[in-house]
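A.B. asks: Sequence:
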Amino acid sequence: MKQRLKRLNKNKSSRPLTKIIIIKVLPVIVFLVAGFLLVPYGSMYFQNNKVNAIQTKNEAILFYKANCPHCQKVYPKIFWHNVLNFNNKEKQIQTINVQNTNNKHYIADFSIQSTPTFMKTTNINQRLVSTNSQQIKQFIQTGGH
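Start counting the sequence shown at 1; every next residue gets the next number (the numbering used here).
Honestly, the hints are just simulated from the structure, not real lab data. Accuracy of the hints is not assured; some may be wrong.
[Unchecked claim] Each computed SDA-like pair below joins lysine to any residue, with the alpha-carbon atoms no more than 20 Å apart: (1) Lys-120 <-> Ser-133; (2) Lys-57 <-> Asn-132; (3) Lys-57 <-> Phe-86; (4) Lys-89 <-> Asn-132; (5) Lys-89 <-> Ile-140; (6) Lys-91 <-> Val-28; (7) Lys-73 <-> Gln-138; (8) Lys-77 <-> Pro-27; (9) Lys-50 <-> Asn-103; (10) Lys-65 <-> Ala-53; (11) Lys-73 <-> Asn-132; (12) Lys-89 <-> Asn-58; (13) Lys-89 <-> Lys-120; (14) Lys-120 <-> Val-51; (15) Lys-104 <-> Asn-67; (16) Lys-137 <-> Ile-124; (17) Lys-57 <-> Tyr-106; (18) Lys-73 <-> Ile-140; (19) Lys-50 <-> Cys-68; (20) Lys-104 <-> Ala-66; (21) Lys-65 <-> Asn-82.
[Stated by the list, open to error] Derived Cβ-Cβ restraints for the label pairs, each shown as a range: (22) Gln-126 <-> Asn-52: 41 to 51 Å; (23) Phe-86 <-> Ile-29: 39 to 49 Å; (24) Ile-21 <-> Gln-113: 43 to 53 Å; (25) Leu-84 <-> Val-28: 16 to 26 Å; (26) Pro-27 <-> Gln-134: 33 to 43 Å; (27) Ile-20 <-> Thr-142: 45 to 55 Å; (28) Gln-126 <-> Asn-88: 18 to 28 Å; (29) Lys-19 <-> Leu-84: 35 to 45 Å; (30) Ser-114 <-> Lys-19: 48 to 58 Å.
Every residue gets a Cβ at the ideal spot worked out from N, C-alpha and C, and that includes glycine.
Generate coordinates for the entire structure from the input sequences, incorporating the hints supplied.
C.D. replies: Quick look at the structure:
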């Protein structure tokens, strides 16, 4: 009889904990995961209304189009790279949405053939068109050499 009461009490005490987790903790986790996944895409579409100048202190530039599926694959990685290097301009990658009417001139200014195009700020002839994370990382760090 005592063992049965212990089991009943144990089950009763775990129910409120399960209910708390489902009602309070799970929505927070879902919200954080959704934010982590959606914030870069929101940024991709709504930032860069007009880029007035190339940031020469940045490590590189990413020319992209928000509706380009290849750009959509690459942009979140660059977004989080920039977030992690927020206080270090030399590690940042400037992003320019050339789909935006105000930024279309960069296509002609830098002879952008396709997107996503990465370009070094120190040498505009150093470029990479790729979605491969390793190639992009190597290009950013070494200029593709």
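A.B. asks: Look at each hint and say if it fits the structure.
C.D. replies: The hints, checked one at a time:
For the given pair, Lys-120 sits about 16 Å from Ser-133 by alpha-carbon distance, which is consistent with the 20 Å threshold. Taking the CA atoms of Lys-57 and Asn-132, the gap is about 24 Å. The hint is violated against a cut of 20 Å. Under the criterion of a C-alpha separation no larger than 20 Å, the hint pairing Lys-57 with Phe-86 is consistent with the structure, at around 13 Å. For the proposed pair Lys-89 and Asn-132, the alpha carbon gap of about 23 Å is over 20 Å, so the pair is violated.
Simply put, Lys-89 and Ile-140 have alpha-carbon atoms about 13 Å apart, close enough for the 20 Å limit, and the pair holds. Restraint check for Lys-91 and Val-28: the C-alpha separation of about 32 Å exceeds 20 Å, so the hint is violated. Taking the CA atoms of Lys-73 and Gln-138, the gap is about 17 Å. The hint holds against a cut of 20 Å. The suggested pairing of Lys-77 with Pro-27 is violated, with an alpha-carbon distance near 25 Å, which exceeds 20 Å.
Among the hinted pairs, Lys-50 with Asn-103 is consistent with the structure: their alpha-carbon atoms are about 6 Å apart, no more than 20 Å. Taking the CA atoms of Lys-65 and Ala-53, the gap is about 18 Å. The hint holds against a cut of 20 Å. At roughly 9 Å between alpha-carbon atoms, Lys-73 and Asn-132 fall within 20 Å of each other, so this suggested pair holds. For the proposed pair Lys-89 and Asn-58, the alpha carbon gap of about 5 Å is at most 20 Å, so the pair holds.
Annotation: proposed proximity of Lys-89 to Lys-120 holds, straight-line Cα distance about 14 Å (limit 20 Å). Taken as a hint, the Lys-120 and Val-51 pair is honoured in the structure, with Cα atoms around 17 Å apart against an allowance of 20 Å. This hinted pair checks out: Lys-104 and Asn-67 have alpha carbons roughly 14 Å apart, not beyond 20 Å. The straight-line distance between the Cα atoms of Lys-137 and Ile-124 is roughly 17 Å, inside the 20 Å bound, and the hint therefore holds.
With a C-alpha separation of about 18 Å, the suggested pairing of Lys-57 with Tyr-106 holds against the 20 Å cut-off. Between Lys-73 and Ile-140, the direct Cα distance comes to roughly 17 Å. Compliance with the 20 Å bound is thereby established for this hinted pair. The straight-line distance between the Cα atoms of Lys-50 and Cys-68 is roughly 19 Å, inside the 20 Å bound, and the hint therefore holds. With a C-alpha separation of about 13 Å, the suggested pairing of Lys-104 with Ala-66 holds against the 20 Å cut-off.
Restraint check for Lys-65 and Asn-82: satisfied, since their Cα atoms lie roughly 18 Å apart, inside the 20 Å limit. Taken as a hint, the range 41 to 51 Å is violated for the pair Gln-126 and Asn-52, whose Cβ atoms sit roughly 23 Å apart. Phe-86 and Ile-29 have their C-beta atoms about 24 Å apart, which leaves the hinted 39 to 49 Å range violated. The hint said 43 to 53 Å for the Cβ distance between Ile-21 and Gln-113, and at roughly 52 Å that hint holds.
Checking the proposed 16 to 26 Å range against Leu-84 and Val-28 shows it holds: the Cβ atoms sit about 23 Å from each other. Between Pro-27 and Gln-134 the CB atoms are about 37 Å apart, so this pair conforms to the stated range of 33 to 43 Å. About 51 Å separates the C-beta atoms of Ile-20 and Thr-142, a value consistent with the hinted range of 45 to 55 Å. Between Gln-126 and Asn-88 the CB atoms are about 20 Å apart, so this pair conforms to the stated range of 18 to 28 Å.
At about 37 Å, the CB distance of Lys-19 to Leu-84 agrees with the hint of 35 to 45 Å. Between Ser-114 and Lys-19 the CB atoms are about 53 Å apart, so this pair conforms to the stated range of 48 to 58 Å.
Against the hints set out earlier in the document, violations occur for numbers 2, 4, 6, 8, 22 and 23.
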